[in-house]
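Protein sequences, first through last, are from chains L and X. Start counting the first sequence at 1; every next residue gets the next number (our numbering). Start counting the second sequence at 1; every next residue gets the next number (our numbering).
You may find that some hints are simply not true.
Straight-line C-alpha distance at most 30 Å; calculated DSS-like pairs for lysine-lysine [claimed, not checked]:
| hint | chain 1 | residue 1 | chain 2 | residue 2 |
| --- | --- | --- | --- | --- |
| 1 | L | Lys271 | X | Lys335 |
| 2 | X | Lys171 | X | Lys234 |
| 3 | X | Lys137 | X | Lys234 |
| 4 | L | Lys310 | L | Lys71 |
| 5 | L | Lys310 | X | Lys137 |
| 6 | X | Lys335 | L | Lys260 |
| 7 | X | Lys137 | X | Lys171 |
Hints are computed from structural coordinates only; laboratory data are not their basis.
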Amino acid sequence: MAPASSDFPEVQLHVVTGKGGTGKSTVAAGLALAHASRGKTVLLCEVEGRQGIAQMFDVSPLPYEERLLAKATEHGAGDVYALAVDAEAALLEYLSMYYRLGRAGKALDRFGVIDFATTIAPGVRDVLLTGKVYEAAQRNSRNKGARQYDAIVLDAPPTGRIAQFLNVNSELAGLARMGPIKAQADTVMTLLRSPRTAVHLVTVLEEMPVQETIDGVRELREAGLPVGGVVVNLVRPQDLDAEARAALLEGTVDESALAKALASAGIDADKALVHSLVAEGRDHAERRQLEDSQRALVEKIGVPTYELAKLAGGVDLGGLYELAESLCAQGLA
Amino acid sequence: MPTRSNPRVGPMTASHEPTRLLDVDALLDDPKRRIIVCCGSGGVGKTTTAASLALRAAERGRKVVVLTIDPARRLAQSMGIEALDNTPRPVPGVSAGSTTSGGGSTTGGGAGSLDAMMLDMKRTFDEVVESQASPEKARQILNNPFYIAVSSSFAGTQEYMAMEKLGQLDKDARASGRWDLIVVDTPPSRSALDFLDAPERLSSFLDGKFMRLLLAPARGPARLMTAGFNMVTKAVTTIIGGQVLSDMQAFVSAFDTLFGGFRQRAQRTFELLQADGTSFLVVAAPEPDALREAAYFVERLSAENMPLAGLVVNRASVDPEVELSEAAAMSGYEKLRDSSDDASRMAAGLLRLHADRKLLVERETRLRSRFATAHPHVATVVLPALPTDVHDLDGLRRIGALLGGDDAA
Chain L
1 MAPASSDFPE VQLHVVTGKG GTGKSTVAAG LALAHASRGK TVLLCEVEGR
51 QGIAQMFDVS PLPYEERLLA KATEHGAGDV YALAVDAEAA LLEYLSMYYR
101 LGRAGKALDR FGVIDFATTI APGVRDVLLT GKVYEAAQRN SRNKGARQYD
151 AIVLDAPPTG RIAQFLNVNS ELAGLARMGP IKAQADTVMT LLRSPRTAVH
201 LVTVLEEMPV QETIDGVREL REAGLPVGGV VVNLVRPQDL DAEARAALLE
251 GTVDESALAK ALASAGIDAD KALVHSLVAE GRDHAERRQL EDSQRALVEK
301 IGVPTYELAK LAGGVDLGGL YELAESLCAQ GLA
Chain X
1 MPTRSNPRVG PMTASHEPTR LLDVDALLDD PKRRIIVCCG SGGVGKTTTA
51 ASLALRAAER GRKVVVLTID PARRLAQSMG IEALDNTPRP VPGVSAGSTT
101 SGGGSTTGGG AGSLDAMMLD MKRTFDEVVE SQASPEKARQ ILNNPFYIAV
151 SSSFAGTQEY MAMEKLGQLD KDARASGRWD LIVVDTPPSR SALDFLDAPE
201 RLSSFLDGKF MRLLLAPARG PARLMTAGFN MVTKAVTTII GGQVLSDMQA
251 FVSAFDTLFG GFRQRAQRTF ELLQADGTSF LVVAAPEPDA LREAAYFVER
301 LSAENMPLAG LVVNRASVDP EVELSEAAAM SGYEKLRDSS DDASRMAAGL
351 LRLHADRKLL VERETRLRSR FATAHPHVAT VVLPALPTDV HDLDGLRRIG
401 ALLGGDDAA
């Protein structure tokens with residue numbers, strides 16, 4: 001089922017963004033599972049303080065600590081760990097790691113400096129959030145006892161803010177021209193701009209999200225950040241072929257033949273039912289037509305695209321596994 | 001970090017009263033209604049809802065200005081506000097008062113009008129500084145790197161400036177009589193609560209110990225500085241660098257005299273949101289996340305004594321009006337899907353679509369009814385999903401008609 005390899009074999013850090021309502025968190029979770037199924041040890045990170053991972057996987061809220069989220073039962077598959085990155089905790093950790101601030105560390109909190117640095121000082125928050133992800137990505141055998149990840153999936157801020165979020169040092173540029181935070185931002189940027197990173201954009205086939213995706217790809221490229229693929233999410237079911245859709249749009253459906261076919265399947269199809277089904281079908285065909293025009297725009301972006309079907313019953317754990325399978329099969333993982 | 005530490009607010013037991021229908025036209029026609037705030041999480045169609053409400057109100061005889069935050073290009077074009085210039089401009093093509101139903105207009109006299117504008121966050125911030133400080137001081141502030149960073153990228157500035165703009169529009173409306181209704185869109189944040197929290201965050205920053213520490217050297221002899229302060233400045237210098245600290249100190253001392261003004265303005269706007277003439281409309285999509293955010297927002301409004309008009313559920317799936325259950329449709333689909341003749345294949349496809357639609361409608365209905373059980377007093381209007389985005393005033397008019405419950409929609 002799954003192709004032998006991923007389209008992004010070099011990539012360790014997969015950043016997933018998307019406009020609100022396109023399901024970027026779901027895709028990030030599916031992608032993390034997909035990588036695990038390929039035998040990788042995966043870290044799934046969220047940075048927006050939303051506890052979306054806990055909700056999707058139906059586990060208790062995640063602390064600022066890597067937790068085992070999904071353990072593989074299949075032979076050869078890896079485990080998924082999860083981490084909710086919190087800017088304040090990241091700052092305190094950073095301080096205790098690099099500076100032995102002692103009493104000053106506590107005073108910082110008391111004087112509102114921590115609050116200031118993580119919510120008000122422009123850009124600092126993003127450096128801290130990406131910095132933590134960077135730390136997880138950089139671990140190697142020299143870090144004794146620290147878990148090493150083959151793949152990290154970052155459920156990132158939405159498309160409208162993604163270039164600004166990742167382009168941490170330009171965000172800081174007007175502010176900190178030197179100093180440790182600036183140095184930290186520069187180090188993080190080297191990873192984010194490298195072939196070890198790919199930014200995937202999630203969209204749905206509607207005008208606004210597609211336009212935002214096109215704009216997002218342009219902004220990422222301008223910032224020198226590597227664009228991965230576009231994941232087209234919530235695609236309508238493809239049960240009617242082009243011929244059937246054309247007949248529905250042109251109003252040339254043979255309703256009596258349809259009624260007969262329905263009857264043969266044990267459905268007592270009166271005129272009203274047939275009419276309603278045809279009307280639903282026409283509505284669907286119209287939307288498919290619009291989707292096709294948006295799909296053409298997505299294809300013009302010139303990056304690999306992946307499609308995920310809309311799950312009519314909503315996304316639960318089983319649904320996430322289905323999305324993961326589909327992402328594997330299409331080669332995003 | 002959004003902390004969800006607020007208690008839940010609810011009826012404790014389910015009452016099984018039917019959901020109240022939100023009467024949008026009554027809201028728009030009420031002359032005492034001066035401000036309508038549309039809020040909700042990102043991607044639920046807030047801006048479009050705000051624009052449609054504004055147009056409908058104008059065409060029912062109100063003199064309306066709509067403040068949009070980050071409209072989609074074509075939506076902005078449809079209202080003739082492609083340029084981001086922070087000034088309300090008349091929307092061409094509004095048929096003033098044309099759809100006013102008999103006796104529906106309570107605004108009396110003059111025909112309606114619609115002005116639209118797009119928020120320019122940095123410009124708004126600059127204008128506040130310019131209006132509060134002497135020209136020389138204003139220039140000092142506007143050129144400070146720390147100010148530039150805060151005014152253009154501080155998470156929350158957009159929310160704060162939207163509030164500021166709302167305050168200005170309200171003052172202008174009262175003074176000039178140019179508008180009698182202001183419709184506000186809110187910034188596309190992850191959490192709908194950000195809009196209410198941002199001004200508080202900014203003023204607590206301006207009021208905070210840290211700011212007072214930064215101001216201390218400007219105010220008194222250095223020896224008054226505490227040991228704590230030295231330690232903190234040293235730590236801040238270590239982390240973000242000395243140059244940032246000196247920029248900040250320069251910013252803060254230049255800004256010092258303005259702080260009082262800023263705090264008062266934030267306070268006044270917050271009070272404006274609690275005033276009788278203000279109504280909040282919470283916008284959501286029939287999805288768990290969007291409804292969860294809507295629930296938090298509804299509860300927060302009630303805790304803050306802010307008047308909630310109701311809930312707009314956008315993008316609902318339309319229930320097909322035939323009695324064919326999802327299960328029956330699926331079993332028909334199973335029987336027909338491997339057929340070779342065209343009619344059977346089409347029948348299979350249509351049955352599958354019908355089954356999916358039924359499942360979707362059922363799920364959305366369940367989500368909405370759970371929301372209604374927990375929030376029984378929230379009047380609601382449900383809008384069907386539309387196949388296309390809005391490109392023109394007619395599109396906005398159609399949505400307005402759906403909101404108002406016109407049969408002709």
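Against the structure, the hints come out as follows:
Restraint check: the Cα-Cα separation between lysine 271 of chain L and lysine 335 of chain X comes to about 21 Å, which is no more than 30 Å; the hinted pair holds. In summary, the hint linking lysine 171 of chain X to lysine 234 of chain X is not supported, as the alpha carbons are separated by about 44 Å, beyond the 30 Å threshold. Using a Cα cut-off of 30 Å, the hinted pair lysine 137 of chain X and lysine 234 of chain X holds, with the two alpha carbons roughly 28 Å apart. With a C-alpha separation of about 26 Å, the suggested pairing of lysine 310 of chain L with lysine 71 of chain L holds against the 30 Å cut-off.
Restraint check: the Cα-Cα separation between lysine 310 of chain L and lysine 137 of chain X comes to about 56 Å, which exceeds 30 Å; the hinted pair is violated. With a CA separation close to 13 Å, the supplied pair lysine 335 of chain X and lysine 260 of chain L stays within the 30 Å bound. Pair hint lysine 137 of chain X plus lysine 171 of chain X holds up; C-alpha atoms about 25 Å apart against a cutoff of 30 Å.
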